[in-house]
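Colleague: Here is how the chains run, residue by residue.
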Amino acid sequence: MNNTYSIQVENLTKVFGDFTAVNGISFKVSKGEIFGFLGANGAGKTTAMKMLIGISKPTTGQANVAGYDVKTQAEEVKKNIGYMSQKFSLYNDLTIRENITFFGGIYGLSKMVIKEKSQKLIDELGLHEEANKLVSSLPLGWKQKVSFSVALLHDPSIIFLDEPTGGVDPITRRQFWKMIYREADKGKTIFVTTHYMDEAEYCDRVSIMVEGNIEALDSPKNLKTKYNVESMNQVFLKLARNIE
Amino acid sequence: MSIILKNISKSYGKIKALDHVSFDVKQGELFGLIGPDGAGKTTLFRILTTLLIQNEGDATVAGYDVIKDYKSIRNHVGYMPGRFSLYQDLTVEENLDFFATIFDTTIEKNYDLIKDIYVQIEPFKDRKAGKLSGGMKQKLALCCALIHKPKVLFLDEPTTGVDPVSRKEFWEMLKRLQKKDITILVSTPYMDEAELCDRIALITDGQILQIDTPKEIISTFPKKIYKVNTLETYKLIQDLELYPNTHSAYPFGEYIHFTSTLPNFEPKDLFSFLEKNQHTNIEVFETSPTIEDTFMELSNTHNQVADE
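If you read the sequences in order, they're chains A and Y.
Residue numbering for the first sequence is 1188 to 1431, as defined by our numbering.
Residue numbering for the second sequence is 285 to 592, as defined by our numbering.
In short, the hints are calculated from the structure, not lab data.
Check the hints yourself; a few may be wrong.
What the hints assert, rightly or not - Heads up, incomplete: computed chain A residues facing chain Y, CB under 8 Å, no partners named:
1. GLY1254
2. GLY1292
3. GLY1295
4. SER1297
5. MET1299
6. LEU1327
7. TRP1364
8. THR1412
9. TYR1414
10. PHE1423
11. ALA1427
We treat Cβ as the ideally placed atom computed from N, Cα and C, and that holds for glycine.
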């Protein structure tokens, strides 16, 4: 594989019975890029993402993620990516420290490394007082920040973020994006889905999925020029409305 | 007045979910409760729909007291909770029929009210609710909340996790319902939806920060606000944090919204600071604040007061 790309997808397809959820999509994501993966509910985003993170087998087509084939090397893919979703992130009845230890263990890190990484994470987020408290007592915004850091524990080269900021207050949402920028700046590839169209503008490039196909893929600036509108929200409305 | 809250407080153990909340919603008004997760929005809804009893204060809905007249309230309000509330194993039509029967009415009797929305899901009326897409579920839930022709409609984060197209359609439906003289109290974490309401209350940590029309709330923004952009966004964010005269700097789409601590701030000073820090393609120009700018400014002030 050409190693300037973190993700290479070719004709990726997933069929459930007589329903084609993902219809032969192709795209490439460069190393260190922030790539926004947008689409309406039911457009096939989640199905596509599940194939990319190695938990759902493509019906046909190819995808290479972090240098591994998602069909034949799914376990390697999982070891080399980070994943965070809004719906599931941390165990509420474990403390922050216990969560870090647990996920570190799952990723096969040694006790020494886990100890070191836990301290670093807690220092960076300034969570000294909260480290031994149950996660359930943390505000949602903090949970999201901790869970992002936990997804980075094993130093993956790509991080998949599935609606990471849903319901989070506007200030925390921006602090979260600063963490994303920081990681991209370090060379990590970010693959993110969101329903906040202002966040789509923070991405280097975005793709918009409509009914299983990628209808548009470019930088937010170029998309706005192409569709002659002022915001990504309008681009989105134009594309997703046109199919009806 | 359709909804009246006076000094409502509610605690769960040590956590104060609502702290002396007061406001009124007029008959036929589309009123938005805007705030992040954990602000107390759901607790407020549960008190007003008689599912939870407040520790302090009084509230009436459609003229009925939420404690004394709880049975009357239940007949006159529709409630769409944040989490999907329908019976997953019943079909679309069975769900609707079930809710109609509970309220001692029929689908036919109030079909006018839901027709606009129901025709969109009617092709799937024999599908189980659990097998519907997110947008369809949301439409069915709204039909079920409307089938007994309520005077007041409570919608708790109906658009959370919903894509921009479905969100826009949902708000168009609400505008049409409002014309039928239904009072609507709706909560949302999406600040852009605030501008679609007649009036809004900004809420955080169980306290109301401000109540007014979106326009009036924006007009209270205390500072001049500037859009800033350069070629390297991450470096720009970092440098703006180091700039001594920064009051706030938040990403907004492709620009950073910037306010200064100086009352007589000159954009050209920021321009030369950025130039000195090797930025290229620098843009700095004045813009108008949005609801989101105002919310962030108010929550910062609120947090500073809370920390002291």
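Colleague: If a hint holds in the structure, say so; if it does not, say that too.
Modeller: Going down the list of hints, with the structure as the test:
The criterion of a C-beta within 8 Å of any C-beta in chain Y is not met by A/GLY1254, whose closest approach is roughly 26 Å, and the hint is violated. Evaluation of the A/GLY1292 hint against chain Y yields a violated restraint, the C-beta minimum of about 29 Å exceeding 8 Å. Proximity of A/GLY1295 to chain Y is violated relative to the hint, the smallest CB-CB distance being about 31 Å (cut-off 8 Å). Below 8 Å, beta-carbon pairs count as interface contacts, and A/SER1297 has none with chain Y, the closest being about 32 Å; its hint is therefore violated.
Restraint check, A/MET1299 versus chain Y: the minimum CB separation of about 32 Å is more than 8 Å; hint violated. Evaluation of the A/LEU1327 hint against chain Y yields a held restraint, the C-beta minimum of about 4 Å falling below 8 Å. Using the Cβ-Cβ criterion of 8 Å, the hint placing A/TRP1364 at the interface with chain Y is satisfied: the shortest such distance is roughly 6 Å. A cut of 8 Å between beta carbons decides the hint on A/THR1412: the least distance to chain Y is about 12 Å, and the hint is violated.
For A/TYR1414, the suggested interface contact is broken, since its CB lies about 14 Å from the closest CB of chain Y, more than 8 Å. The restraint placing A/PHE1423 at the interface with chain Y holds, with a minimum CB-CB distance near 5 Å, inside the 8 Å limit. For A/ALA1427, the interface hint holds, the least distance from its beta-carbon to any beta-carbon of chain Y being 4 Å, beneath 8 Å.
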